[in-house]
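Chains as they are written, first to last, in numbering that gives the first Met the number 0: chain A, 0 to 311; chain B, 0 to 311.
Just to be clear, a hint being listed does not mean it is correct.
Pairs count within a copy or across copies, as identical chains cannot be separated in the list.
Computed cross-link-like contacts, DSS-like style, restricted to lysine-lysine with a CA-CA straight-line distance of at most 30 Å [claimed, not checked]:
hint, residue 1, residue 2
1, K180, K211
2, K92, K272
3, K128, K254
4, K200, K128
5, K92, K196
6, K128, K207
7, K92, K200
8, K128, K171
For the record, the hints were derived by calculation from the structure and aren't laboratory data. It should be emphasised that the depicted structure is a prediction, and the values quoted were computed from it without experimental measurement.
Protein chains: 2
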Amino acid sequence: MASFSVPSPVPSPVEDAESLKKAFHGWGTDEKAVISVLAHRDAAHRQQIQQAYEDLYKENFIKRLESEISGDFERAVYRWIFSSVEREAIIAKSAFGKVINYRVIIETSCINSPNELLAVKQAYHARYKHSLEEDVASHTSGDFRKLLVGLVSTYRYDGDEVDARLAAVEAKTLHDVIKRKPLESEEAIRILTTRSKAQLKAIFNKYKDEHKISISKDLETEHPDEFASALRIVVRCISSPQRYFEKLLRVVLTKSNLDEDTLTRVIVTRAEKDLQVMKEMYEKRTNVSLEKAISNETSGHYKSFLLALVRN
Amino acid sequence: MASFSVPSPVPSPVEDAESLKKAFHGWGTDEKAVISVLAHRDAAHRQQIQQAYEDLYKENFIKRLESEISGDFERAVYRWIFSSVEREAIIAKSAFGKVINYRVIIETSCINSPNELLAVKQAYHARYKHSLEEDVASHTSGDFRKLLVGLVSTYRYDGDEVDARLAAVEAKTLHDVIKRKPLESEEAIRILTTRSKAQLKAIFNKYKDEHKISISKDLETEHPDEFASALRIVVRCISSPQRYFEKLLRVVLTKSNLDEDTLTRVIVTRAEKDLQVMKEMYEKRTNVSLEKAISNETSGHYKSFLLALVRN
Numbered sequence: 000m001a002s003f004s005v006p007s008p009v010p011s012p013v014e015d016a017e018s019l020k021k022a023f024h025g026w027g028t029d030e031k032a033v034i035s036v037l038a039h040r041d042a043a044h045r046q047q048i049q050q051a052y053e054d055l056y057k058e059n060f061i062k063r064l065e066s067e068i069s070g071d072f073e074r075a076v077y078r079w080i081f082s083s084v085e086r087e088a089i090i091a092k093s094a095f096g097k098v099i100n101y102r103v104i105i106e107t108s109c110i111n112s113p114n115e116l117l118a119v120k121q122a123y124h125a126r127y128k129h130s131l132e133e134d135v136a137s138h139t140s141g142d143f144r145k146l147l148v149g150l151v152s153t154y155r156y157d158g159d160e161v162d163a164r165l166a167a168v169e170a171k172t173l174h175d176v177i178k179r180k181p182l183e184s185e186e187a188i189r190i191l192t193t194r195s196k197a198q199l200k201a202i203f204n205k206y207k208d209e210h211k212i213s214i215s216k217d218l219e220t221e222h223p224d225e226f227a228s229a230l231r232i233v234v235r236c237i238s239s240p241q242r243y244f245e246k247l248l249r250v251v252l253t254k255s256n257l258d259e260d261t262l263t264r265v266i267v268t269r270a271e272k273d274l275q276v277m278k279e280m281y282e283k284r285t286n287v288s289l290e291k292a293i294s295n296e297t298s299g300h301y302k303s304f305l306l307a308l309v310r311n
Numbered sequence: 000m001a002s003f004s005v006p007s008p009v010p011s012p013v014e015d016a017e018s019l020k021k022a023f024h025g026w027g028t029d030e031k032a033v034i035s036v037l038a039h040r041d042a043a044h045r046q047q048i049q050q051a052y053e054d055l056y057k058e059n060f061i062k063r064l065e066s067e068i069s070g071d072f073e074r075a076v077y078r079w080i081f082s083s084v085e086r087e088a089i090i091a092k093s094a095f096g097k098v099i100n101y102r103v104i105i106e107t108s109c110i111n112s113p114n115e116l117l118a119v120k121q122a123y124h125a126r127y128k129h130s131l132e133e134d135v136a137s138h139t140s141g142d143f144r145k146l147l148v149g150l151v152s153t154y155r156y157d158g159d160e161v162d163a164r165l166a167a168v169e170a171k172t173l174h175d176v177i178k179r180k181p182l183e184s185e186e187a188i189r190i191l192t193t194r195s196k197a198q199l200k201a202i203f204n205k206y207k208d209e210h211k212i213s214i215s216k217d218l219e220t221e222h223p224d225e226f227a228s229a230l231r232i233v234v235r236c237i238s239s240p241q242r243y244f245e246k247l248l249r250v251v252l253t254k255s256n257l258d259e260d261t262l263t264r265v266i267v268t269r270a271e272k273d274l275q276v277m278k279e280m281y282e283k284r285t286n287v288s289l290e291k292a293i294s295n296e297t298s299g300h301y302k303s304f305l306l307a308l309v310r311n
């Protein structure tokens, strides 16, 4: 269920394109008008508006939009206007800065279904003329490379079938490698990058049943290093994307320096999917509504835009 | 161009199904009749015959066929009757014996295009209820695992664009790692498992230009071990599948113990694709026709079946 509201009846794409052209007109931009259109249309509508705009005004809609707005607001709108698949490809590409943002790569590869990930990789090929695998491999080395390249490459089986015997064997394998110092990465990477999500959930459950501690907690306790922290993100993204994102929102919204990129990413990628559920989880957990928390930490058009996506 | 002949006009699927039913009838099987139908129909026809047979006689065609014939002949027909994608999935699964047949896994992953490999992996999921990645990973370890899991997982970019500067850098990287003893596998695996085929061909060409020796030859000279031999198969499958298969046929057909599985695999997988080209290459190279060589080394219905696929 989408977390944002769409007016009923929704204006035609041509009407919306005209409103946006008017908002762009002259010196300065009417950002409120931009938000009132774009933050209240679903992906299909946004696509149609873009098409109608380009047919009517013979100019590239996205380039014009980028020239009209700026800063965090621009970056958020730029992510939002694309379809989910295109957006994920753009976000994955943005992970390759001076240092790779491995969290983004793990989210892309572990939260999407196998066929969604495939579609993202196809969009990545079309857009950047090379593969996501190449970019991940050439920005990493050692265990991080093995883990991240494995995660983005794999085409997991997507069925529900679970092999309980094998889950028990591999829960034990994971426990054994986690108890070694340093952690023995090879088998952990093999299991996490090749098994189906249903099988992995069975493994994680078996782990908790046997050892009275979740694998994520055990990793945290035994290994304070960054590689173990990446493994924990994998486990959490596969176990429960919603709990993962809800916690990420809590962390982002309570740090003294706001990480706008992460906040934007969670809101724009989930607004059309399950942000509504996370809002409820967030408020239950913190006694503050997500809307209120975002409102406290952000400002300007960026704030108005995020709130428009969160409020329904 | 197919290497086998299809009669014109081709009988209807119902006529063919009736001929096969007649061939199966009573004690013993008329193998000649089976060959005269199945070895002279393309994939679409074979599919239609199977359907017509099952509609007419309410029995599973493939099971019946398997019960009627045996040995190498059965195994060859069993591979042949499927579509190319299904067949590749079945062949990949057959690679996991007591020891993994890594050559088969390299062929599947490096000779198919990225989208063909994807289709094979989808057929593998549907047929075996788990992924090819899982099977490869759990049958291998160490460098072999990294290489083979990387090859089957990756979704390579399939465009023609080549980055010449990068090709030069990575040709040098490959040369450096090959000159180390033991060979430094990590960068070799990264390059071979992630770059596009067009880019890899540019890298191999650059390697030869710079060092006056092909990378395949250099690997052979510097490293007499099995891992280097696997890397050479990767290089050769990507550089030229036809030269690779033609040489494999030469090796198989001159060894004292015939490897029927490999011979069958090359003939049935290429008969509908490029076997005609390999036949010409083979005869040019050996002064013996492929038909004659197969005829000398095989016997019985197996021989008749292979010859029917090779002769046009």
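Verification of the hints:
1. K180 with K211: within (21 Å within a copy, 46 Å between copies)
2. K92 with K272: Within one copy only: 22 Å inside, 37 Å across.
3. K128 with K254: Result: close neither inside a copy nor across copies, 37 Å intra and 44 Å inter.
4. K200 with K128: between (35 Å within a copy, 17 Å between copies)
5. K92 with K196: Both: 24 Å inside a copy, 22 Å across copies.
6. K128 with K207: Intra 43 Å, inter 26 Å, cutoff 30 Å: inter-copy only.
7. K92 with K200: Both, since 28 Å and 25 Å are each at most 30 Å.
8. K128 with K171: Cα proximity of K128 and K171: across copies only (23 Å, versus 42 Å in one copy).
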